[in-house]
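Residue numbers (my numbering), protein chains in the order written: chain U, 1 to 206; chain G, 1 to 206; chain R, 1 to 206.
Don't read these hints as lab results, they were simulated from the structure. Any given hint could be a false lead.
As the list claims (entries may be wrong) - Here are the simulated DSS-like pairs of lysine-lysine, each with C-alpha atoms no more than 27 angstroms apart in a straight line:
id, chain 1, residue 1, chain 2, residue 2
1, R, Lys61, R, Lys108
2, R, Lys108, U, Lys61
3, G, Lys108, R, Lys61
4, G, Lys61, U, Lys108
5, G, Lys108, G, Lys61
6, U, Lys108, U, Lys61
Stated by the list, open to error - Far from chain R, some chain G residues (derived; all Cβ distances over 12 angstroms):
id, residue
7, Asn2
8, Thr55
9, Lys61
10, Thr64
11, Leu86
12, Met132
13, Pro168
14, Pro172
15, Trp173
16, Ile183
17, His191
Virtual Cβ for every residue (Gly too), placed ideally from N, Cα, C.
The primary structure of each chain is shown beneath.
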Amino acid sequence: MNLLYSLDLLGTAAFAASGALAGIRRDMDLFGVLMLGMVTATGGGTLRDLLLGDTPPFIFKDETYFYLSIFVSLAVFLFHHRVGLLQLPLLYLDALGLGTFVVIGTGKALDFHMGFIGSVMMGVMTATAGGMMRDILSSQVPLVLQKEVYASACLAGGALLYLLHLTPLPAPWALIISALAVIVLRVCAIHFNWSLPKAPRNSGHN
Amino acid sequence: MNLLYSLDLLGTAAFAASGALAGIRRDMDLFGVLMLGMVTATGGGTLRDLLLGDTPPFIFKDETYFYLSIFVSLAVFLFHHRVGLLQLPLLYLDALGLGTFVVIGTGKALDFHMGFIGSVMMGVMTATAGGMMRDILSSQVPLVLQKEVYASACLAGGALLYLLHLTPLPAPWALIISALAVIVLRVCAIHFNWSLPKAPRNSGHN
Amino acid sequence: MNLLYSLDLLGTAAFAASGALAGIRRDMDLFGVLMLGMVTATGGGTLRDLLLGDTPPFIFKDETYFYLSIFVSLAVFLFHHRVGLLQLPLLYLDALGLGTFVVIGTGKALDFHMGFIGSVMMGVMTATAGGMMRDILSSQVPLVLQKEVYASACLAGGALLYLLHLTPLPAPWALIISALAVIVLRVCAIHFNWSLPKAPRNSGHN
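Please construct the entire structure, taking both the sequences and the accompanying hints into account.
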């Protein structure tokens, strides 16, 4: 499916850019910035493939993802003071990548006959584990665990794809609808500043 | 072995509660709290299965662990101001989970014909790696590496099970004795405030 | 190849020492220090084997690595105030380990018919992922991502081995030349204080 592959590459580029930017912010050297870009872009899919037992992971089979991540990270390294201008487009590209990664992850889990939670987890993990690794390597609490509707949009999309897959709807339609659900949810979350509830704090609790 | 399965679920619930509490303390949103509960409860066994090459890991084969972790984390999220009352029972449940996880991990490694250190490591990892992931995701130095007798109780139990397995003692007895050893050690450590030695510090060393 | 195995053990010892020292600096107890020594020494090769799908990883097949790491970490724990005297020798041993680990990692990837980036990554990962795990477990931004020429020396060595492997040069020569390249680069980096460029910072960028 060529559309999915193109979207996958676009998402990879957006994720690599976010990783490279995080590296620059933490004052890493060129190697660190490239590494962080690469891990952010490919870490989620790698973890998914490890858990599915599909080794070596996809990135080692099609090195396009590696070359693209390195190229984007290098570009961010060289021109990062102009990346500020790209902040909004990057946010949208990130949403696009999120939707694509979720349906690729959940779709692959369905091919491996995973159950409901397993399939949804694989989608969420494909989309968010790279970002978590980025934050862990920068010694921060993963944004994904604190931020506005991000991982939960992935969750919704993964669950939707699992359910659609039980219906007679053709697979490509199910993929597109689920990816769109994630993207729309995420874009709305950005625009309307949605966030998930936090546990009520009572004084005296540390 | 139904007793072991029940203890396993009890331990899972206790670990999920400790993960969810850590998430609330770090001001995570609902998704983060559920995620941290799930990772704490299932991360150790998942890592063990990855290392043994037994993929997909157990939690993807029996989704009960997932549902239980989510349920417990959600309950902690909703009623966390009352969890304070449960602090002591939770500590005992945690000790119970520790003992159970160690013998499950070391037992599985023995089935895979691992050597002495490998078998002990698998038990320790099953019991403690989930908690380490919890601490890494909360951007803290893992408690397990600093705290009073915790991982070392697991170490003792795993080594005991390995040795008993060389004797003609029936397997269920070996499992029960080793699990009890961990639990008793851990409970004593809590009550008598035992701790392992730290390296002597000399001034001038940073 | 007996020389490679001996160098591998030397490198393992040097890495275990650096892990154990990090544990002592973070005020960990005996278990934590042993654990950190072991993870630093064996974590890179374990991750490589997981990604190659060669499970269980090498350390579980030849427990020598485990025993050596434990022995070295214990020695560092007991005599760490005298380790200061060993700082320079340790730095050289570390460079030796680096070169050895890179060629072992890239060499194994070539046996598994990985592509260019995959093979280089496997070498870099074998040499640096253990140190990254050490830093993550001590809740620090991995040194490798910030420091002077370290991972980039591994990168150069891995790429060199990949290229030499395309020539008719006998495999042992290719291994030795590539390992020496890493070691010489690393030793020069220490002596001449080489470092990779960082992205230029402009004020106003956070």
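Comparing the hints with the structure gives:
1. Our distance criterion of 27 angstroms between C-alpha atoms is met by lysine 61(R) and lysine 108(R), whose separation comes to about 16 angstroms.
2. At roughly 16 angstroms between alpha-carbon atoms, lysine 108(R) and lysine 61(U) fall within 27 angstroms of each other, so this suggested pair holds.
3. With a CA separation close to 16 angstroms, the supplied pair lysine 108(G) and lysine 61(R) stays within the 27 angstroms bound.
4. Note on lysine 61(G) and lysine 108(U): the hinted pairing holds, with a Cα-Cα distance of about 16 angstroms set against a maximum of 27 angstroms.
5. Distance restraint check for lysine 108(G) and lysine 61(G): the Cα-Cα separation of roughly 16 angstroms lies within the 27 angstroms cut-off, and the hinted pair is therefore satisfied.
6. Between lysine 108(U) and lysine 61(U), the direct Cα distance comes to roughly 16 angstroms. Compliance with the 27 angstroms bound is thereby established for this hinted pair.
7. For asparagine 2(G), the requirement that its beta carbon stay farther than 12 angstroms from each beta carbon of chain R is met, with the minimum near 29 angstroms.
8. The beta carbon of threonine 55(G) is not kept farther than 12 angstroms from every beta carbon of chain R, the shortest such distance being approximately 8 angstroms.
9. Under the 12 angstroms C-beta cut-off, the non-interface status given to lysine 61(G) relative to chain R holds; the minimum distance is some 17 angstroms.
10. Chain R leaves threonine 64(G) outside its interface by the beta-carbon criterion, the shortest separation being 25 angstroms against a cut-off of 12 angstroms.
11. Residue-level check passed: leucine 86(G) sits 27 angstroms from the nearest beta carbon of chain R, beyond 12 angstroms.
12. Distance to chain R contradicts methionine 132(G) as a non-interface residue, since its nearest Cβ pair spans about 7 angstroms, not more than 12 angstroms.
13. The claim that proline 168(G) lies off the interface holds: its Cβ sits roughly 25 angstroms from the closest Cβ of chain R, which is beyond the 12 angstroms cut-off.
14. The Cβ of proline 172(G) sits about 26 angstroms from the closest Cβ of chain R, beyond the 12 angstroms cut-off, so the non-interface label holds.
15. No Cβ of chain R approaches the Cβ of tryptophan 173(G) within 12 angstroms, the least distance being about 27 angstroms, so the stated non-interface status holds.
16. No beta-carbon of chain R comes within 12 angstroms of the beta-carbon of isoleucine 183(G); the shortest separation is about 18 angstroms.
17. Annotated as non-interface, histidine 191(G) keeps its C-beta farther than 12 angstroms from every C-beta of chain R; the closest such distance is 18 angstroms.
Checked against the numbered hints above, the structure violates hints 8 and 12; every other hint is satisfied.
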